[in-house]
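Visitor: The chain contents come next:
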Amino acid sequence: MPLFAFFAVDKRQMLTLTLEHLGLVGISMLIVVATGVPLGILLSRRPGWKGVVLKSTNVIQTVPSLALFGLLLPVPWLGARADRLAIFALSLYALLPVVRNTYVGITGVDPPVREAAIGMGLTPWQLLWHVELPLASHVILAGIRTATVITVGVATIAAAIGAGGLGEFIFRGLAMVDNRVILAGAVPAAVMALSADLLLGLLQRTLVRGQH
Amino acid sequence: MSDSAAIAIEFVNVHYRTNGNRELISGLNLAIHRGETLMLLGRSGSGKTTTLKLINRLLSATEGEVRVDGRATTEWDAIRLRRHIGYAIQEAGLFPHYSVEENVALIPRLEGWEPARIRSRVQEVLHLVGLPFDQFAPRYPDQLSGGQRQRVGLARALAADPQILLMDEPFGALDPITRAELQQEFLELKQTLSKTVVFVTHDVAEALMLGDRIALMDSGRLIGIFAPPEFLRSTNPAVQPYVNAFRAGHQILEARRLT
Numbered sequence: 001m002p003l004f005a006f007f008a009v010d011k012r013q014m015l016t017l018t019l020e021h022l023g024l025v026g027i028s029m030l031i032v033v034a035t036g037v038p039l040g041i042l043l044s045r046r047p048g049w050k051g052v053v054l055k056s057t058n059v060i061q062t063v064p065s066l067a068l069f070g071l072l073l074p075v076p077w078l079g080a081r082a083d084r085l086a087i088f089a090l091s092l093y094a095l096l097p098v099v100r101n102t103y104v105g106i107t108g109v110d111p112p113v114r115e116a117a118i119g120m121g122l123t124p125w126q127l128l129w130h131v132e133l134p135l136a137s138h139v140i141l142a143g144i145r146t147a148t149v150i151t152v153g154v155a156t157i158a159a160a161i162g163a164g165g166l167g168e169f170i171f172r173g174l175a176m177v178d179n180r181v182i183l184a185g186a187v188p189a190a191v192m193a194l195s196a197d198l199l200l201g202l203l204q205r206t207l208v209r210g211q212h
Numbered sequence: 213m214s215d216s217a218a219i220a221i222e223f224v225n226v227h228y229r230t231n232g233n234r235e236l237i238s239g240l241n242l243a244i245h246r247g248e249t250l251m252l253l254g255r256s257g258s259g260k261t262t263t264l265k266l267i268n269r270l271l272s273a274t275e276g277e278v279r280v281d282g283r284a285t286t287e288w289d290a291i292r293l294r295r296h297i298g299y300a301i302q303e304a305g306l307f308p309h310y311s312v313e314e315n316v317a318l319i320p321r322l323e324g325w326e327p328a329r330i331r332s333r334v335q336e337v338l339h340l341v342g343l344p345f346d347q348f349a350p351r352y353p354d355q356l357s358g359g360q361r362q363r364v365g366l367a368r369a370l371a372a373d374p375q376i377l378l379m380d381e382p383f384g385a386l387d388p389i390t391r392a393e394l395q396q397e398f399l400e401l402k403q404t405l406s407k408t409v410v411f412v413t414h415d416v417a418e419a420l421m422l423g424d425r426i427a428l429m430d431s432g433r434l435i436g437i438f439a440p441p442e443f444l445r446s447t448n449p450a451v452q453p454y455v456n457a458f459r460a461g462h463q464i465l466e467a468r469r470l471t
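Residue numbers (the numbering used here), protein chains in the order written: chain A, 1 to 212; chain H, 213 to 471.
What the hints contain is simulated information worked out from the structure, not anything from laboratory work.
Keep in mind that the hints are not guaranteed to be accurate.
[As the list claims (entries may be wrong)] If you only want the chain H side, here are some residues facing chain A, beta carbon under 8 Å, derived: (1) N268; (2) L271; (3) R294.
Beta carbons: idealized from backbone N, C-alpha and C, even for Gly.
Isolated chain A (complex conformation):
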């Protein structure tokens, strides 16, 4: 039996929704990395802010994802487009592991190493670029890896607000009480999560090897 016949969905639609899903996850993760890493760096420089920032990102994660999508719907500019809202919600959701791991990675640099670097006359930027980020990179990457896997899963819920992605099949399958249609969404999403995990895991190991 051909694969797509089993899933009881149109092959082209499956491809479209998979790409949509990838788009949601990809753009969200770009935003998460672009904001989460600098935020984590900032926290390492201003430890006083750590409590507030980590707690609020933590609180966001405790909001059930379906509720988060719904709650953001009435927000003016955001709620105007489903994909915009979905990307915003996904980014919020995935922020915590990236911020936390960046903070932990940077503050985890061996104190004598940091002290020697400062004592030798590295500027704060040089310290960050030549010492702290390289040494924290595998911890930061572990955070990005966790965040990506979470995002692939949570992104299926984006279909509930009409943002597309593989969740479409899942919701449709639920409505039709047809497990095959649910699987048509769930299986590609699972494959996507596993592949992202595998790839980022490989990258992480390469970094660790690279820095001994």
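Go by the hints and put chain H onto chain A.
Guide: Positioned in the frame of chain A, the structure of chain H alone reads:
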């Protein structure tokens, strides 16, 4: 006699208090001559490391002034000041993700030296600290012994050819045999390089062996400055415990040889 050209580092009535208002350094006056090796000796918490960090402005004096080459450290650009001064610490603080060569080359590289000049300088300083370039340059810190790491730390501190060298218990974590080796080599190095060295130690024997002068510190105060023979003869009650400890060690050795 305080000809300013002969003085590399000067503390003028320096106080240092922590944010919690604990006074770690009290009224320190100290002139360090160009080319001498000054040992800062004292127990843990006596303020010797704090004194060292006031020189390269890892800490800033709460009161008074620290001068390097006649200029207050607060007038220096902190980065320029630190690159003007070599800094070697216990555990070396090598960058684990950089090879030996990259560790030593970092400051020259940031200073914008030509690659060829950097390479020959790295070869030169590694040779100075007794590490053959071909064998050690590509290694990473975790592939080195403690003594080798400390040598690389020293080479790195010397890389940009600073006239002043700060050393914070650089041999403190080494086994006794390696330590003796490095101390011996430091003495030889000192002759060839004629740098101004400020060396923190809590080890009396090390202070007596390596120092041109010994500055004894206690609870943030300078007790006095002594040439090694003066130190051994001193009747100062603060010096006595150190001399006694040093002598006791020798007496025990002596006694064991007689039995």
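Visitor: Take the hints in turn and mark each one as holding or not.
Guide: Hint check results:
Restraint check, N268/H versus chain A: the minimum CB separation of about 6 Å is within 8 Å; hint holds. The interface hint given for L271/H is broken, as the beta carbon of that residue sits about 11 Å from the closest beta carbon of chain A, more than 8 Å. Among the interface hints, the one on R294/H holds; its C-beta lies about 3 Å from the nearest C-beta in chain A, closer than the 8 Å criterion.
Checked against the numbered hints above, the structure violates only hint 2.
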